[in-house]
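A.B. asks: Here are the chains, one letter per residue:
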Amino acid sequence: MQEVTRATAASRFALASAIVLVMVLAAAPYWGSTASLRLLGEIMVYLALASLWNLLAGFTGLVSIGQQAYVGFGGYMLFTICISLGWNPLYAIPIAALVAAPISALVAVLVFRLNGAYFAIGTWVVAEVFRLGFAQMSSLGGGSGLSLPITVMREMASTKAEREALIYWAALLLGTGSITIVYLLLRSRIGLALTAIRDSEVASSSLGVSITRVKLLVYVAVAAATAMVGALVFMQKLRIAPNAAFSVTDWTAFVIFMVVIGGIGTIEGPIIGTLLYFVLRQFLADFGSIYLIVLGGLAILVMMVAPQGIWGFVANRWGLSLFPVGYRVKLQAMPAYNNGKENEYVGRNQAHRDVAAARRNR
Amino acid sequence: MALLSIKNLCKRFGALVVTDDLSFDVNEGEIIGILGPNGAGKTTLFNLIAGTIRSDAGEILFNGTNVAGTGVAERCRLGISRSFQVPHPFAGMSVFENVLVGATFGRSGDDRFEYALRALDVAGLKQKANLLAGSLPLLDRKRLEMARALATEPRLLLLDEIAGGLTERECHELLSAIRDVHSAGVTIVWIEHVVHALLSVAERLVVMNFGRLIADGKPDDVMKSREVKSIYLGEDVNV
Ligand SMILES: Nc1ncnc2c1ncn2[C@@H]1O[C@H](COP(=O)(O)OP(=O)(O)OP(=O)(O)O)[C@@H](O)[C@H]1O
Ligand SMILES: [Mg+2]
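Line order of the protein sequences matches chains A and B.
With the first letter of the first sequence counted as 1, position 299 gets the number 298 in numbering that gives the first Met the number 0; the numbers rise by one all the way through.
With the first letter of the second sequence counted as 1, position 235 gets the number 234 in numbering that gives the first Met the number 0; the numbers rise by one all the way through.
Any given hint could be a false lead.
Ranges of calculated distance between the beta carbons of each label pair, as one might list FRET restraints [unchecked claim]:
no.	chain 1	residue 1	chain 2	residue 2	range
1	B	113	A	317	30 to 38 Å
2	B	138	A	235	55 to 63 Å
3	B	168	A	201	26 to 34 Å
4	A	300	B	12	44 to 52 Å
5	A	293	B	12	51 to 59 Å
6	A	187	B	168	37 to 45 Å
Hints were generated in silico from the structure; no laboratory data involved.
Think of the CB as a built atom: it goes at the ideal place given N, C-alpha and C, for glycine as much as any other residue.
All chains, please: the whole structure from these sequences, using the hints.
C.D. replies: Shown next as structure tokens:
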């Protein structure tokens, strides 16, 4: 039997560097200032959002422009849990995922009836419905929103520095965790199904792939994870209002920019895109609206020069993959006898017969 | 009981009747050839059996249960597998990964790697396992169609025109592969315009025209029948 391998030399090197990098980042509360901790926390949030949106749009073909529905939903879950139950805010993160999952399944029943551009618009409409719905809830501050009381934050830790560190670690976990989970998912059977569906729906279904089930699974998983990110974001901000919670610009448009610039449909792309976005923002933020014009111009340029994004371009050029999800067969030299065939074909019936014969001979 | 039993199957595209009240049985272990002129409705029949398109009326009994309302993926897992006349490779995946999709989702057993490799071997594609499927020439794409179908561990294998354009040697290899698969216990229905290839393995021959069966029986008898001659040799039956 031939061996089937997954890893490459580049991927082993990438894994080792990633582990070192995550350890350095985990120690940031000990070496970084409050400002740099916040910036790193925000980068982690966008790493998570970009990886998740890329899984949805780039790998599953579900181009949603309504993921802010789940960011805002997670944020409001945080405030609901903290204010009405008085629990530690960190508990809201997993709870947001558990509540968002069934709700997103219900949303899917609705939006999965739509295809392509209609799906995209449909998800946006759903997000708007969420926004209007939460704006109606006077217990959650209605249209003007509300702040997280300091007494609740003390549930997490007594000093401000400790709280900042905990929130940062949660962000680090969500950012690196999202990338890891996307990678593991794509290496799994689901990843194989997704790639097949992307290339041909007709062929994949006739080979036993249940297309709707796979897409639903990814949609719900991404929604649940996005809600976790939402709970964290508003823990960082300490304040929520419907317009900020369900902002299509902050939680979808910027995310799409990062993914498309970095390389949609690659695991590396969203990481590169997120880092590039933050570098640009650090340099251009003082210029006000020029900053947005530069972002837009850059997006158009990349779309024209390298439509597969920066990483797509690099990967094609040098055949590089830091996160290999494919399979390679180690081939042996072909034996000269038996027409080059090593195995006889054994069908289902033959296998059954073999089993039956083995039973009889026992 | 027949493995596949089709009863009064109908399908029309708009005003065009493509499957016209068709009934026939496939017994377990048979290897059946289907002949018929272009547009006779052969591929449509496969699409109906595999579930790629839904029938308008009639029953499709597989192993005794009506699968006419069952989804494509489910029918594949039940043991119905087909190759496409126009290949649909997963162009961005390697040849091995293409076959692995079938071995992973189309069957229930373990050993999916081994099963995928075996299917590649039977189809003569093993040495190309790591090539991108999108880079294969047409002949290899047809082999890949067969390999993927085999990897799902089918009970009923539907092959749609896989011998066109082969050299004599390649055709010989294909026939020996089909015989292997058949002797492993797989029931085969094969649509083919290359008549001599079909006749060298088919135990039973079915001829279709205008969505109906116009002949069904032993290959020799069928080839001698007047209706078949009239279609293939242009003889006028009414003289
Ligand atoms: N999706 C479709 N919509 C409309 N008409 C169709 C469709 N699929 C097939 N047809 C028509 O139905 C008829 C039968 O087509 P089919 O592909 O089953 O023929 P076939 O016997 O396989 O022919 P060939 O030997 O050329 O492959 C043709 O006239 C074809 O144009
Ligand atoms: Mg056809």
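A.B. asks: Enumerate the violated hints, using their earlier numbering and listing them in ascending order.
C.D. replies: none
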